[in-house]
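Colleague: Between the sequences and the hints, there should be enough to build the whole structure, so can you do that?
Take a look at the letters that make up each chain.
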Amino acid sequence: MNHESLAIVLFLLFVGATLFLTIRASRQTKDAADFYAGGRSFSAAQNGLAIGGDYMSAASFLGIAGIIALSGYDGFLYSIGFLVAWLVALLLVAELMRNSGKYTMADVLAFRMRPLPVRTAAGVSTIVVSIFYLLAQMVGAGALVALLFGLTSEAAKALTIVGVGILMIVYVVVGGMKGTTWVQIVKAVLLMGGATLITLLVLGKYGFNVSSLLGDAAAQSGKGDAFLEPGLKYGTDAQGIAGKLDLISLGLALVLGTAGLPHILIRFYTVPTARDARKSVLWGIGIIGIFYLLTLILGFGAAALVGSKTIAESNPAGNTAAPLLAERIGELIFGSVGGTILLAFIAAVAFATILAVVAGLTLASSSSVAHDLYAHVIKKGKATEQDEVRVAKISAFVIGAVAIVLGIFAQRLNVAFLVALAFAVAASGNLPAILYSLFWKRFNTAGAVASIYGGLGSAVLLVFFSPVVSGKGVDASGKSLSLFPASVDFSWFPLENPGLVSIPLGFLFGYLGTILSKEHRESKFAEMEVRSLTGLGAEQANPH
Amino acid sequence: MSTAPEGFSVYEEVRATPEFARLRHKFRAFVFPLTVAFLAWYLLYVVMSGFARDFMAIQLVGTINVALVFGLLQFVSTFGIAYFYARYAGAQLDPIAEDIRAKAEAR
Numbered sequence: 000m001n002h003e004s005l006a007i008v009l010f011l012l013f014v015g016a017t018l019f020l021t022i023r024a025s026r027q028t029k030d031a032a033d034f035y036a037g038g039r040s041f042s043a044a045q046n047g048l049a050i051g052g053d054y055m056s057a058a059s060f061l062g063i064a065g066i067i068a069l070s071g072y073d074g075f076l077y078s079i080g081f082l083v084a085w086l087v088a089l090l091l092v093a094e095l096m097r098n099s100g101k102y103t104m105a106d107v108l109a110f111r112m113r114p115l116p117v118r119t120a121a122g123v124s125t126i127v128v129s130i131f132y133l134l135a136q137m138v139g140a141g142a143l144v145a146l147l148f149g150l151t152s153e154a155a156k157a158l159t160i161v162g163v164g165i166l167m168i169v170y171v172v173v174g175g176m177k178g179t180t181w182v183q184i185v186k187a188v189l190l191m192g193g194a195t196l197i198t199l200l201v202l203g204k205y206g207f208n209v210s211s212l213l214g215d216a217a218a219q220s221g222k223g224d225a226f227l228e229p230g231l232k233y234g235t236d237a238q239g240i241a242g243k244l245d246l247i248s249l250g251l252a253l254v255l256g257t258a259g260l261p262h263i264l265i266r267f268y269t270v271p272t273a274r275d276a277r278k279s280v281l282w283g284i285g286i287i288g289i290f291y292l293l294t295l296i297l298g299f300g301a302a303a304l305v306g307s308k309t310i311a312e313s314n315p316a317g318n319t320a321a322p323l324l325a326e327r328i329g330e331l332i333f334g335s336v337g338g339t340i341l342l343a344f345i346a347a348v349a350f351a352t353i354l355a356v357v358a359g360l361t362l363a364s365s366s367s368v369a370h371d372l373y374a375h376v377i378k379k380g381k382a383t384e385q386d387e388v389r390v391a392k393i394s395a396f397v398i399g400a401v402a403i404v405l406g407i408f409a410q411r412l413n414v415a416f417l418v419a420l421a422f423a424v425a426a427s428g429n430l431p432a433i434l435y436s437l438f439w440k441r442f443n444t445a446g447a448v449a450s451i452y453g454g455l456g457s458a459v460l461l462v463f464f465s466p467v468v469s470g471k472g473v474d475a476s477g478k479s480l481s482l483f484p485a486s487v488d489f490s491w492f493p494l495e496n497p498g499l500v501s502i503p504l505g506f507l508f509g510y511l512g513t514i515l516s517k518e519h520r521e522s523k524f525a526e527m528e529v530r531s532l533t534g535l536g537a538e539q540a541n542p543h
Numbered sequence: 000m001s002t003a004p005e006g007f008s009v010y011e012e013v014r015a016t017p018e019f020a021r022l023r024h025k026f027r028a029f030v031f032p033l034t035v036a037f038l039a040w041y042l043l044y045v046v047m048s049g050f051a052r053d054f055m056a057i058q059l060v061g062t063i064n065v066a067l068v069f070g071l072l073q074f075v076s077t078f079g080i081a082y083f084y085a086r087y088a089g090a091q092l093d094p095i096a097e098d099i100r101a102k103a104e105a106r
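Protein sequences appear in the order of chains A and B.
Quick note: the first sequence uses numbering that gives the first Met the number 0, first residue 0, plus one each step.
Quick note: the second sequence uses numbering that gives the first Met the number 0, first residue 0, plus one each step.
Any given hint might turn out to be false.
[Claimed, not checked] Label pairs and their computed distance ranges (CB to CB): (1) A:Ser516 - B:Gln91: 34 to 44 Å; (2) B:His24 - A:Pro503: 25 to 35 Å; (3) B:Gly89 - A:Leu511: 33 to 43 Å; (4) B:Val68 - A:Trp439: 35 to 45 Å; (5) B:Gly89 - A:Ser516: 49 to 59 Å; (6) B:Val75 - A:Ala16: 44 to 54 Å; (7) B:Phe83 - A:Gln539: 46 to 56 Å.
[Stated by the list, open to error] DSS-like cross-link-like pairs, simulated, lysine-lysine; straight-line CA separation at most 27 Å: (8) A:Lys392 - B:Lys102; (9) A:Lys381 - A:Lys523; (10) A:Lys378 - A:Lys101; (11) A:Lys232 - A:Lys471; (12) A:Lys440 - B:Lys25; (13) A:Lys222 - A:Lys204; (14) B:Lys102 - A:Lys278; (15) A:Lys278 - A:Lys101; (16) B:Lys102 - A:Lys478; (17) A:Lys471 - A:Lys29; (18) A:Lys308 - A:Lys478; (19) B:Lys25 - A:Lys379; (20) A:Lys101 - A:Lys471; (21) A:Lys440 - B:Lys102; (22) A:Lys440 - A:Lys379; (23) A:Lys222 - A:Lys308; (24) A:Lys308 - A:Lys440; (25) A:Lys392 - A:Lys378; (26) A:Lys222 - A:Lys471; (27) B:Lys102 - A:Lys101; (28) A:Lys523 - A:Lys440; (29) A:Lys101 - A:Lys381; (30) A:Lys523 - B:Lys102; (31) A:Lys378 - A:Lys232.
In short, the hints are calculated from the structure, not lab data.
Ideal placement from N, C-alpha and C gives every residue a C-beta, glycine not left out.
Modeller: Encoded structure:
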């Protein structure tokens, strides 16, 4: 049996197991709280695993290991930003959000505001962030199938994207939050297991001497000690001061974006109390932190044992570093059969990873369409629960279809760019509004709307006029490094990451919008503050 | 669904009690300085990765350099702060919050 068919068998086993769990979950999904929030009855440990499952995307598993394998230390900067970001969620957002919200991010933002404009704005930004993120995963799935199975035709990529899209729609429509959470849990366990296994084998090969592994990686990379230091990818000397500011801009978006990602925020609603929300974030931090330490070894291990040159030849972005390492270490230790088995296992895990993340994103965006835009904006809060859930399921179909079509056409887009943009929008548009809502008494409707549209708009506009979209020049083979052909250049913003400017702008818009409006919402702040800090009047878990 | 009393008069009353003021103070006095501290510590790391490369490149043991140790310390501090906050919240915040909630719900 070759690795392709073995990987397909393993992946089908994953699909079969998760579909079984999803169907079982659907029998326990009776009301809206079940569909949107899993009945708020998951334990802290279960939700912590699911947080890991939602967060550890293919971009972080394949992407970070790949950046480390090709550019060395700089990939580690991503891991650190992604991890530290969880402290913002833990200290400022998770518990307060669990106590004051119900199903979506907008519940907290609209709590003491005029619901129509705020729900609309929050719904728009939820969909924008989720679609960027969703596209990144879809594009990643197409690229992965090409690399792992040698299927490079456009038709094979398109077929993969359609398959992934259909499965994610099934998980969300059939299982709702309960089904999706179980998919995340299974995926998190598999991913952690796979990454731990490969890491232990790599470390064992080096007698658990990290220093000699790093030395080998540096030597094999052809870049020497510079491979173990920051600066090969971000803020290189050739890019000058703009490159270094770009690095800081990226760092800011990573650390402030997480607590504004809608598919992460709705995870806090799936546990019975704020205390469980806190504990689940602790579980999440533990799992995600260990995972990023594992990817550090995976990345350097791939550089040392596979070699940066071989990896770059397989995929210029390095996305195949982890699977190639699995094959190599398997061969080194167990012979060629071992290599085939490990490669197939890691390939199947990578697909499971993509599938779970896209399901989480589809759920977050369809929940927002149904609960925010349909129930509160269109029906003015008069929709029945059954109606809402029905609309959520229809939205999941529509969003899934849109993601499939965009995913097929977006094959050429750079995955890392899409993820970075999603984080920048979340940090600039969502986080200021969330923090002001929770902590600033004077904050009002105009402020909330201004900070969401202002932050979102400035992040997207700055990227549009950045070198990412036009004017970056050409690579060695004469291909444009920007989205547009090299002959077009309308860029004037020097940074590729907008966060350094757009995040302060988001906060500024929220502040100005508030004080320039005469609306006063202080009276409702008492309810928000007491409820968020004590849980008085917070949504209860469904009884069993 | 919610078992708490409806209408915000209850919330206004609770908010005016010294107990609630104490809870809010204990929460904010812990969480706000800690947030500023870990963000500053993280930004120091990012800025030094961009602007203090010679220092980051100093090798400490074998091939292990300052950059790697600084990065790993971010992991240690993140785990530490998370644990520290959870202990504080469990011991100092949860009892007050539960007390306030129980009293308000008993009315």
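Colleague: Next pair to validate is B:Lys102 with A:Lys278; report whether the Cα-Cα distance is within 27 Å.
Modeller: With a Cα-Cα distance of about 25 Å, the restraint between B:Lys102 and A:Lys278 holds, given a limit of 27 Å.
Colleague: Check the hint pairing B:Lys102 with A:Lys478 against an upper bound of 27 Å on the C-alpha distance.
Modeller: violated, 69 Å
Colleague: Given the hinted pair A:Lys308 and A:Lys440, is their alpha-carbon gap at most 27 Å?
Modeller: violated, 56 Å
Colleague: Hint says 44 to 54 Å; check whether the CB-CB distance for B:Val75 and A:Ala16 agrees.
Modeller: For A:Ala16 against B:Val75, whose Cβ atoms are near 36 Å apart, the range 44 to 54 Å is violated.
Colleague: Against the range 35 to 45 Å, how does the distance between the Cβ atoms of B:Val68 and A:Trp439 compare: consistent or not?
Modeller: holds, 39 Å
Colleague: Below or equal to 27 Å on CA atoms is what counts here, so check A:Lys392 against A:Lys378.
Modeller: Given pair A:Lys392, A:Lys378 holds - Cα atoms ~17 Å apart, limit 27 Å.
Colleague: Has the given pair, A:Lys222 with A:Lys471, been kept, meaning a C-alpha gap of at most 27 Å?
Modeller: Within the cut-off at roughly 25 Å; holds.
Colleague: Mind checking the hinted window 33 to 43 Å against the Cβ distance between B:Gly89 and A:Leu511?
Modeller: At 39 Å between Cβs, range holds.
Colleague: Taking 27 Å as the top limit, are the C-alpha atoms of A:Lys222 and A:Lys308 close enough?
Modeller: Distance of about 11 Å is within 27 Å: holds.
Colleague: Please work out if A:Lys523 and A:Lys440 have their alpha carbons no farther apart than 27 Å.
Modeller: Holds, at roughly 9 Å.
Colleague: Is the hinted pair A:Lys378 and A:Lys232 satisfied, with a Cα-Cα distance of at most 27 Å?
Modeller: violated, 50 Å
Colleague: If you check the beta carbons of B:Phe83 and A:Gln539, does the distance land in 46 to 56 Å?
Modeller: violated, 30 Å
In this structure, the earlier hints numbered 5, 6, 7, 8, 16, 17, 19, 20, 24 and 31 are contradicted, and the remaining ones agree with it.
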